[in-house]
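The lines below spell out each chain.
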Amino acid sequence: MMGEKSKRSALMQQVQEFFYAEETPYGLALVRMILPAVALIPMFRRFPRVRELFSSDGAPQQLTELFGHGAVLPELPAVLASALYGLMLFALVSAIFGFRTRTSLLIGTPLYVYFNMLDSVGTMTKYTVIASHVLLILTISPCGAVWSIDGLLRRWREGRAAAIPPVFPVWPARLIQMLFAFVYFGAAITKVQTTAFFSGEQMRYWMFSDWNYPNPLGELVAMSPAILLASGYLTVVWEVSFPFLVWRPVGRFYSLGFGVVFHLLTIFLLGLYIFPFICIPCYLGYLMERDIVVLRGWLRRLRLPTGFVAAPRVGLARLIAARPAAVPLSLLWAGFAMLCTVAGAEADYRFDVYGIRTAGGPLPLKSMDPVVARTMINSQRSLREKDKFFSFNIGTRMMAGQLANAGDTFSIGETIIAQCNLNTPHEDLWVECVVEDEQRRVVDVAGQFVTRDLLFSNFPWKTCDRFIPGRYFFVLKSSGQEIARRAFTLTGEACQIPTGGLLTN
Amino acid sequence: MRVRRWASAVFITVWFLVLSGGIIGHALKMPVVGNVFGYFIVWDMFCGWQAYDNRTHMIGEDSDGNYYQIREPWGPFQPFNAVDRVNYDVSNYLATRHIRNVLRHSSHPPLDRIYVVQEIWGKQYNAPDHLWHRCFAEPRDKVSVFSLRAICAADGSPIESNPDWFLAQTLNTIADNPRLRLQAQAARPYYNTFFNPRAALGGAVDAPVFNPQGGVGLNTN
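Quick note, the sequences are listed as chains F and Y, same order. Our numbering numbers the first residue of the first sequence as 1 and each following residue consecutively. Our numbering numbers the first residue of the second sequence as 506 and each following residue consecutively.
A portion of the hints provided could be inaccurate.
Straight-line C-alpha distance at most 27 Å; calculated DSS-like pairs for lysine-lysine [stated by the list, open to error]: (1) Y/K647 to F/K126; (2) F/K477 to F/K386; (3) F/K366 to Y/K647.
Worth flagging that the hints you see were computed from the coordinates, not collected in a lab.
Kindly generate the complete structure, drawing on both the sequences and the hints.
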């Protein structure tokens, strides 16, 4: 009984230690400096379009509308929306420098969520959800206590008394850490539930879409099923193991190191340019006080100049400190905020997004060729048979149902696999694979039903049966139409015909 | 200090439970997370995919038979790459607002109809030239298919709406089976002969039903 009680209290002690150990929040300060800066990149891009995307004079599409709840959020007149947008930009920039950090985040975070939710089509994404969670945690955290204008001003004001960095319970950092454990575990569940993730088709088609930024490496990898499969399995294993390893002394290096590589690869493979730079800075939330001490030691030993990183913050702090003594900090912040709010409204007028005040405004609609327009409107054209097929390849080795080694030269004795990959949705198909010799004489034919649920179909051929060295063609046919043709060469010597006598019945 | 500690403990607990709810709800596909709140706690990045690429075109027609692109003349906003914002609206919710916004802020003759057309092509045609020549032996002859998604009035309100091409194609693959078509036809009663227990008890009747005792009569529609 006593043992159980002491076990329980030991567990409670561990939980208490996990959430309420007191440390200087360097990790949180780093997240505060980098995350809003990245989150602001897409928001600054949208600044000239506030009227169009986020105001009642444009075409916002609220997230609540997508879920059938109607337009729950107020859609403000363009001038007001632009003014608030300006305030949001100022508040988040102010949070980056740590000037009136709590106030900045208290104003910037709800506005960031509000504007994102107003444009669910082109602004709201899962990275903005992650950023919203982290901004919320930063708002209620002491992230502005160090490496901030607030911290500098306090130190200059209090002198020696403020020389020791302040300490706070670590639970806000733990929440950021736990958030990523949830994100990755949830993402693994999504992958397990996603059709064709583990056979590579899902990633292949994503890599071939142009919905994200350019991804030339992804397009190259999309044609390599072996890489797609291996990376798919590795990713799921990492995502599932993340929550169990990231708080272990050695496991954290694997979890976070793999995470950095994974997110960097999504830039090149999937064309995600903002997502990785939202996630990777949040990993800085895993840095505890002792890690910062170690890192500082390394930097000192390497004699790397680090002073320039703090220069803008120190410079701004000096400017703020030089203000007239009668002006309180809160009033100064409010003054800047007001200036940015007015500037936001003024910017909207000057951007004149619809070109109403330009010469010849409002701008005319572009006319269309009537033949093209009518063709598009009345088109009865159905998919070509060949468009139901993604690719046709031949090889000898399979991996998770996919052809792993496409080639065009084989030895007699090998089993050649002809594989067609299909685009879905497609109807139930009868697909044939015909083998022709160089004179286009049919050597063999195989056909099979490819039902609507199938994404690929294989035709294995034993080359020992009837082939002699030479050049042949695999011809893929569907609905009697030739879809694709692949030439291949057989080398080696023809197989010996079995000498077991001739069976006559 | 004690109040702060308690408040933080409550916040941590609620936050943990909410995110756990998101994971469990997503794993078990519970509808409780299929709402706006759920969007913030479910991590379903890249959950779907399509083998065909598609773009949305909006075409306005005036009474003289002239056609106009209903595309922002001031330049469409492209949120992530070179694809217009309206294309990211997979559910076609944005169409009405988009049409209204473009027409409201541009000069054009009075329009009678706006056609929303979906353009579809196989994603293999997105491959860059060097990759096409390496991986595909066939000539690169991309041909798009067009599907009329909706017809809208001049104010953008929909007059006719069709399922999107992907859904229509999926339904067609099923309807392509004559046996299934026959069974579906045979299973659909010509007369509505449903028994309505509430009407039989003499309660309020929402719709007419075949109920000789109640005297509601036979619905022959």
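For each hint, the structure was consulted:
no.: 1; hint: Y/K647 to F/K126; result: 33 Å, violated
no.: 2; hint: F/K477 to F/K386; result: 9 Å, holds
no.: 3; hint: F/K366 to Y/K647; result: 25 Å, holds
Violation of the numbered hints given earlier is confined to hint 1; every other hint is satisfied by the structure.
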